[in-house]
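Input sequences plus hints: build the corresponding full structure.
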Amino acid sequence: MTLRTIVWKEIWQRPSAVATCVLAILLGVAALVAIRHVTVFAEREVGRQLQTLGANILVLPKAASLQDYYSADQNGMTLPEEHVSQIMLAGLTGVEKLSPRLCVPAALEGAELTLVGILPQAEFQTKEAWQTVTLFQKKAHVGCKKASCGPKPEDSSPEALATQRTIEQLRDHEIVVGADVGQQLRLKPGMSVDLLGDKFQILAVLPPTGTVDDGRIFAHLHIVQKLAKSGEVVSAIEVMGCCEDAAGDLVPQLAELLPDSRVVTISQVVQTQVGVNRLMARSSLFVLVVLVLVGGISVASAISSNVRERRREIGTLMALGATPRFISGLFLLKAAWLGLAGGVGGCIVGVALAVWLGPQWAGVAISPLLDLAAIATVVALTITLLAAYWPARQAARLDPCTCFQEV
Amino acid sequence: MFRLENVSKIYSRRGSEVRALCADSLEIPTGSYVAIVGPSGSGKSTLLSMLGGMLSPTLGRVWLGDVSLYDLSVVERARLRREKIGFVFQTFNLVPYLTAVENVQIPLCLSGMPSDDQFARAAALLERVGLAERLNHRPSELSIGQQQRVALARTLANSPSVILADEPTGNLDAESRRVVLDFFDELHRDGCTIVMVTHDAIAAEKADRQLSISNGAVSPLFGEQPAKAA
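Chains as they are written, first to last, in the numbering used here: chain R, 8 to 414; chain Y, 242 to 471.
Bear in mind the hints are in silico, worked out from the structure with no lab data behind them.
Label pairs and their calculated CB-CB ranges:
(1) Y:H440 / R:R315: 24 to 34 Å
(2) R:E316 / Y:R255: 23 to 33 Å
(3) Y:L313 / R:R289: 53 to 63 Å
(4) Y:E268 / R:R315: 33 to 43 Å
(5) Y:D265 / R:L300: 54 to 64 Å
(6) R:V385 / Y:G353: 23 to 33 Å
(7) Y:Y252 / R:K16: 34 to 44 Å
Note that CB positions come from ideal geometry on N, CA and C, so glycine has one too.
Structure representation (structure tokens):
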């Protein structure tokens, strides 16, 4: 038998008191871990969007709301498609590519999804009216920082749609399928499917992107307009600038050119998310304070009451030769186990909550952060040990003569 | 073995002083069997606690052999108790969540004996007190007499040279009392020093020396020079 055996047996003697204490720590740690996970992944997502889409500009209907860059085109409102021509003909400096999009609801094999009409880049080259303008002569933007941002090296495969957000070639009755739709409906390139009463052949299944695009099907813009009977409209026009600086300069020019539209950069789109992230970061600090107070007080109170209940036992152990260090060790080790159980349990619950709720709260996929879990466990352990220190010290200083008295 | 030199213990209660114990000189030689009798509140437990190194006197010195107990540090006194002194309590003071064998293992655990050796020694001691079949019973699953025998086994775990017993027969039936007193006789024959505080006249008669304590003053019950009052 060792000190550990004694502590372990005593814990199981009073399971309900121990469970209450562990629960207080567990809930605090779980909230802390869940919030921090969501915050960290939401911040990473914002960073990633800024990195990959920093030079992109969205032209949206005036009243469109902005929650997320990728779903900004899914607001039910439309713009005239002629805005694409207006941008082309304006010959603005720094514009590298345009990607008009029209989102319409559709169903495939009973699954509801979004059908997105896109215009392949090759058509910009061939459209007679646009051949006269200078867009494709790559009008240089002075001081261009293309290397740090803006369109990446060209890739003409259909799968490039996932990363470049544009496609080089897409024939009238071809579609490109998002990763989730492809997996869910077991779709493969070459298969034929019926969409909005027409037959389409699958050109490619996109790799996962972690965005709403995974749940979409992409077809030619003009076919989608025809099948949806929407007329010549688009939901959004994505303008790819050559670099982030160019994007900043393009916004006022586009706003002037298209006064009935809303022109935003990716930085503006993610501003809301940045605000939410900041709030979450502050919330995690608040939860940490609550954890320290509630968890700490709960442990201190539980250990104090445990010391009071066990005065006779402590006196007896002292009479049998236990040193003050052994006595305080009984309570500190108990507190350490409570902290460890609450900390580890809280991490498991917190990570599970974050993985489950993250996509719903913040629209980001979350995976466990082991270093964060380890830090949370160490924090829980430290709090419980600090909270138990004083009662443990009081126990070590108890009058051993209590072993002779009825307590 | 024990020697009390000008010892007094004074408690302060609401501004007034209460003298719990005073003895100019009291000697308890090695191997003696001493019974201390006296009414409740007379200072018996104070004397026992003081002899056990758990309650420092207000004045004077308590010697165990050639060691002045209260000149030692708290840790040194704990070690001395572990090595030399065994306690027997009126209400046994078994740890309720440990089994009989684990209760007996406590002093062995405190002295740092390896777990396997602890178990073997504790099991042998329980066998010696007739509880070989009850090793894994908790105190609540044992009769009062059996609990006192477990407590006796625990007292003997570290082979103490002194046994300090506080009303060891106070809660026992006649048969259990006989078992405990027979055990004390056996230990006394083996050279153990026993100091027993008791109300029980039959138990006191078993001792070879009886002291009386009243209002903190220790005196011989029959024909012995009293310890001088301070």
